[in-house]
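**Q** As a plain string of letters, each chain reads:
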Amino acid sequence: MEKIKTLADLKRIKEKVQAKIDLREKGEQPGELVQVKVAMATCGIAAGSKETMTYFIDHLEENGIRAVVTQTGCMGYCYAEPTVEITKPGKEPIVFGEVTPKRAAEIIEKYLKNDELVEGIIPVNYHTIQENHNHNTNHEL
Amino acid sequence: MEQTISLQIDRRQVEVPRGTSLLDAARGAGIHIPSLCYMNLRDMCISNLPASCRICVVEIEGRRNLAPACSTRCEQGMKVTTTSARVMNAQKTVLELILSDHPTDCLVCPKSGNCDLQEMAARLKIREIPFRGEQSSHVRETTPSILRDMNKCIYCRRCETMCNKVQTVGALAAVNRGFSATIAPAFERPLADSECTYCGQCVAVCPVGALTENDHTNRLLEDLANPNKTVIVQTAPAVRAALGEEFALPPGASVTGKMVAALRALGFNKVFDTDFAADLTIMEEGSELLDRLSRFLAGDKTVALPILTSCCPAWVNFFEHYFPDMLDIPSSARSPQQMFGAIAKTWWARQIGVERKDLVVVSIMPCLAKKYECARDEFAVDGDPDVNYSLSTRELAGLIKRANIDFNTLPDEDFDHPMGESTGAGVIFGASGGVMEAALRTAYELYTGKKLEDVNFESVRGLQGIKKATVALNDFQLKIGIAHGLGNARALLEEIREGKSEYHAIEIMACPGGCIGGGGQPLHHGNSERLKARAKALYSEDQGKTRRKSHDNPYIAQLYEEFLGKPLGEKAHHLLHTSYFDKGKDIREQ
Amino acid sequence: MSYKMHALVCGGTGCRASSSQGIIAKLRETLETKHLEEEVQVIATGCFGFCEQGPIVKIMPDNTFYTRVTPEDVGEIVNEHVIKGRKVERLLYKDPERRERASDSKHMGFYRKQLRVALRNCGFIDPENIEEYIGRDGYAALAKCLGEMTPEEVVKEIKLSGLRGRGGGGFPTGLKWEFASRYSADQKYVVCNADEGDPGAFMDRSIMEGDPHSVIEAMAICGYSIGATRGLVYIRAEYPLAIQRLKTAIRQAEEYGLLGEGVLGSDFCFSIELRYGAGAFVCGEETALIHSMEGARGEPTMKPPFPAESGYLNRPTNVNNVETFANVPVIITKGANWFNKIGTERSKGTKVFALAGKINNVGLIEVPMGTTLREVIYEIGGGIKNGKKFKAVQTGGPSGGCLTEKHLDVPIDFDNLLASGSMMGSGGMIVMDEDDCMVAVAKFYLDFTVEESCGKCTPCRVGNKRLHEILDKITRGEGEPADIDRLRNLGKVIKDTALCGLGQTSPNPVLSTLDNFLDEYLAHVNKRECPAGRCKELLAYVIDPLLCIGCTLCTRTCPTGAITGNRKEPHRVDAAKCIKCGTCIDKCKFKAISVH
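Protein chains in written order, with our numbering: chain E, 267 to 407; chain R, 390 to 979; chain X, 6 to 601.
Just so you know, not all the hints are guaranteed correct.
Coverage of chain X stretches by chain R, computed from C-beta distances (three or more under 8 Å per stretch; other residues unrestricted) [what the hints assert, rightly or not]:
hint, region
1, 304–314
2, 449–463
3, 492–502
Read the hints as simulated data drawn from the structure, not as lab findings. Using N, Cα and C, we set each Cβ at its ideal position, and we do this for glycine too.
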């Protein structure tokens with residue numbers, strides 16, 4: 267192991283590790299970041315959601331967007347797979363349908379960077395477990 | 390920084406040097422804060438300051454808790470109260486706590502009347518002990534010299550300080566914790582199986598009855614009452630300088646004549662003086678020194694130097710435990726007590742026609758290790774010890790009181806002959822540096838053949854822990870060292886072991902101050918002025934003697950002429966010399 | 006290639022004891038068979054604090070917090086969560102009050118009120134990987150000190166931060182460093198006190214297990230600021246995992262040039278060694294700790310001289326506790342002004358507490374100073390177990406005081422706790438409910454201090470013993486009215502006169518319960534009753550003759566033959582023989598036996 271001799275050495279290691287830890291750090295501060303949830307049930311995967319997810323992970327950072335990319339279960343819009351739900355901080359979640367990597371690029375460019383709307387938005391008609399809990403509607407007995 | 394600081398103690402403004410403790414500052418101002426665990430023998434840099442008994446607590450303005458006066462340094466502008474209700478309640482409660490784990494058998498305790506705890510209970514007017522509960526229960530132990538009854542221990546740690554820090558013996562230390570904490574040898578094995586040298590310094594400082602001497606008074610009373618026995622006594626030099634303290638005489642009062650009178654009144658057939666044997670010791674040890682020196686100067690590389698004195702039995706125990714690799718270095722001369730016994734039971738017994746078995750030799754010693762020394766196998770013939778047993782100065786005082794003798798009004802009497810005759814050299818054996826000074830007086834004259842005009846070697850006297858001096862014997866510069874306290878002795882011994890010692894001869898006494906500070910002496914209660922006064926008494930007795938060199942003692946000359954032949958001769962070797970053993974082996978192998 | 010998901014598995018002592026290592030192995034194995042090992046990284050972290058619910062598995066980045074996971078659950082987590090993106094609902098934390106499941110840690114009451122400064126990396130990074138620590142700004146503080154700050158500036162920054170010792174005393178850390186920096190000597194020492202001795206407290210252990218580098222970095226910073234080149238960690242030998250993690254961390258720091266000769270290319274040298282303690286409570290006291298390190302008997306000595314002047318081997322020594330050190334790097338990187346905005350006027354920053362007792366969420370928590378006891382107990386702690394009534398909370402470890410309902414809204418800080426008759430201590434917090442007898446509680450704590458007293462000073466050696474004996478007498482129904490005064494006076498005198506912190510605080514449980522629950526003491530003494538029904542000797546088992554049908558079942562099950570009576574006639578309990586074991590009550594089908 268090469269010894270750390272300067273602050274620059276230390277920073278270099280930090281930056282190298284940062285990318286690895288970033289995933290965890292983002293998870294700790296979800297409200298402040300863009301949340302990208304890719305539906306990854308059988309239907310989604312069959313429709314190519316894995317590639318979509320990889321695309322988001324690889325290209326959000328490049329575009330300077332701090333985001334949490336997670337997978338989620340089937341959202342029920344099997345006709346429009348791959349589906350992706352995107353929540354910008356302080357905004358309502360928006361679900362996009364038929365998000366191929368090409369469409370993902372468009373979403374990044376238009377919606378995420380410039381706040382323009384993109385075609386193919388699916389109206390939300392469900393609640394997540396988490397929100398259900400928050401609304402105290404799912405009491406277990 | 391300002392060298393004196395002023396503070397207020399109980400509405401009194403006090404000025405003291407920086408670094409003074411609150412306790413000293415208060416006492417200096419006539420405010421006598423009670424204390425128990427604290428002890429300070431200033432002149433010898435021996436202090437016990439665990440701050441653990443918490444009797445001396447005082448209130449300091451601005452502090453949340455009470456502070457122990459013994460270990461709190463005075464600070465500029467401090468406001469101290471020593472008598473508030475809070476302080477007095479705390480002191481009393483703390484004392485009640487100590488008493489709640491202390492046997493209340495004062496009436497039958499050996500320390501009764503001389504016990505710091507008893508005195509404190511009286512002073513703080515303890516009338517009941519409000520706490521009842523478990524009492525410590527430790528095993529009582531009897532050794533040839535010391536009795537341990539740790540149920541009486543108040544955990545002041547003085548004995549631990551003496552045994553570890555001062556004597557570096559390491560036999561007694563704190564073991565266990567909480568309520569079970571006690572002072573004991575490692576692994577709580579018996580003291581008799583430990584490194585203990587029986588120096589008795591633990592006993593000398595114990596404020597209560599936890600550590601006391603193994604009392605032989607009753608043995609003596611039986612022997613004195615036995616018409617078939619001839620009972621003779623020898624008294625060590627340091628006894629006469631301290632015995633008076635037990636009879637409220639000022640420290641340093643020399644009571645030689647009254648002591649002899651008292652011993653005679655007790656019924657001893659003869660009252661002799663260990664000083665006689667001290668002169669004899671000088672003849673033997675001095676000759677041994679000269680023998681080794683002359684062989685050394687003749688180029689003999691095998692000769693063991695420096696030569697170490699061997700009068701002190703605790704010191705002998707110490708090197709037998711800790712320096713078994715150096716057993717050839719000490720002089721082989723027996724201690725004066727044992728030389729006395731050996732001569733009394735041979736030469737003198739034959740002179741008066743008493744059979745050995747009917748002769749009882751008793752010694753009065755300032756020492757507890759002497760009790761053990763009497764019992765050493767080497768110093769007995771067919772199981773009959775040369776000195777039957779030894780009583781401490783304190784035991785003698787107790788016996789005198791029991792025997793209805795009004796000590797202070799006794800007329801002075803003289804020792805019996807022949808073994809009551811001594812020179813000034815024998816007398817000063819009782820103070821640190823005395824043996825060396827006595828040896829120098831004789832060695833000088835024997836070596837140079839010239840008369841020594843000034844017999845006073847001031848540089849070897851005093852309470853300094855390690856003393857050194859150089860004496861010119863013709864053109865030879867004799868370098869001598871003196872240590873008292875086994876910790877100081879250890880330092881010199883380590884030098885020898887490392888080959889760095891510059892000395893030709895070293896005197897060692899186990900007890901701080903020498904025999905005057907022995908474990909069998911009247912308790913000094915932490916006052917080193919007493920030790921100084923005792924030493925002074927011995928040196929003035931020496932000053933008053935007409936003969937001050939051991940070889941000038943006519944009875945010593947007679948003894949050699951009639952019986953022993955010459956110093957280091959065959960008979961002397963047989964009766965007056967001994968050999969040493971590796972005592973540390975058993976412990977090391979455990 | 007970067008991972009899409011991280012699975013953080015608690016590798017603290019508590020979760021390891023409940024097979025978290027098995028979970029890790031199973032996770033790795035399952036991921037491999039599904040060819041997901043390159044998508045999901047498995048990391049063994051330090052403690053998450055929520056030990057009650059361990060072993061914990063946290064999936065990132067969606068922050069899913071799985072509790073009480075077993076190796077058998079791993080397959081489901083991988084199949085459902087990792088592959089299908091569906092949370093395994095049965096493993097999510099279930100709120101005991103609201104009885105609902107929380108999808109992630111952000112929605113758990115246990116974490117919502119917490120602010121993790123000292124524990125910032127615990128449960129987040131792999132403690133055995135120095136690079137993860139560096140990735141979290143680790144050693145940036147040391148680099149900043151060495152590169153941009155003079156030792157005086159470092160001391161000044163720590164002083165400005167208002168950080169106070171987290172080991173119990175609450176002494177200002179910066180001031181301590183300043184004292185140590187003033188004395189010059191051939192050698193100075195930085196000592197980390199990791200002799201965590203409070204029963205039930207494990208904040209220091211968790212930090213050392215979960216974020217050992219934060220302690221190492223802080224010790225080096227301290228060394229730089231006071232001019233010491235040697236660091237010693239006095240750690241109890243009962244902490245094998247913490248020892249191992251520290252050793253690993255020290256080795257890695259040396260390899261990376263962050264310890265040893267020429268730290269970070271500067272001319273500052275600093276080394277760290279471990280010293281092992283045998284778990285004596287009193288060795289948490291800094292002078293006793295130093296004596297123990299020197300190989301002497303572990304007992305305290307009077308201060309002054311303070312260790313800053315004459316400590317280890319009589320050299321200037323600065324002793325700080327683990328949690329205190331863990332705060333230091335953040336203070337340097339984020340600045341004293343960031344830190345001193347957290348907390349109250351005189352207690353800055355956060356404090357870690359070990360929450361235990363009759364509370365739903367047992368575990369390790371970190372909250373800003375000034376959080377109230379109510380928030381800690383009811384919001385973070387999730388309230389009292391089994392819906393019982395809150396009675397008291399004991400803070401500050403075995404020698405803290407018991408606080409009551411009326412103290413619940415006191416903002417927790419050093420001074421407020423002291424003023425309420427308790428103390429911060431190292432951060433133990435034990436909650437008691439209506440079933441706890443406060444006399445017995447006081448006796449329980451005295452049991453500990455009597456056992457752990459070194460025995461050096463009279464008040465602690467004998468005084469605590471007597472306190473304990475009087476309490477014992479009272480719980481046996483043998484107390485007399487004068488005992489109450491005795492307890493009070495003795496307690497005060499012990500506090501006032503004992504030599505070290507142990508003795509000066511040991512009567513707190515007695516004095517505080519006397520203040521707050523005097524009626525319980527009086528009931529024991531005057532009526533020979535234990536209101537909480539805890540003190541066995543004060544209980545009487547009575548058979549109701551109207552309900553007893555004489556079935557003899559109880560006579561046959563009583564282990565001491567204390568119940569007599571003829572068949573089909575009401576039975577009787579012989580109080581002299583009854584050992585109050587409760588067997589008869591359990592057996593009686595007619596509820597005829599009761600306790601009075």
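**Q** With a Cβ-Cβ cutoff of 8 Å, does the region 492–502 of chain X contain at least three residues near chain R?
**A** holds (count 6)
**Q** Please count how many residues of the region 304–314 of chain X have a CB within 8 Å of a CB from chain R and say whether that reaches 3.
**A** holds (count 4)
**Q** Is the listed coverage of the region 449–463 of chain X by chain R valid when you require three or more residues with a beta carbon under 8 Å from a beta carbon of that chain?
**A** holds (count 9)
This entry satisfies every hint, going by the numbered hints stated previously.
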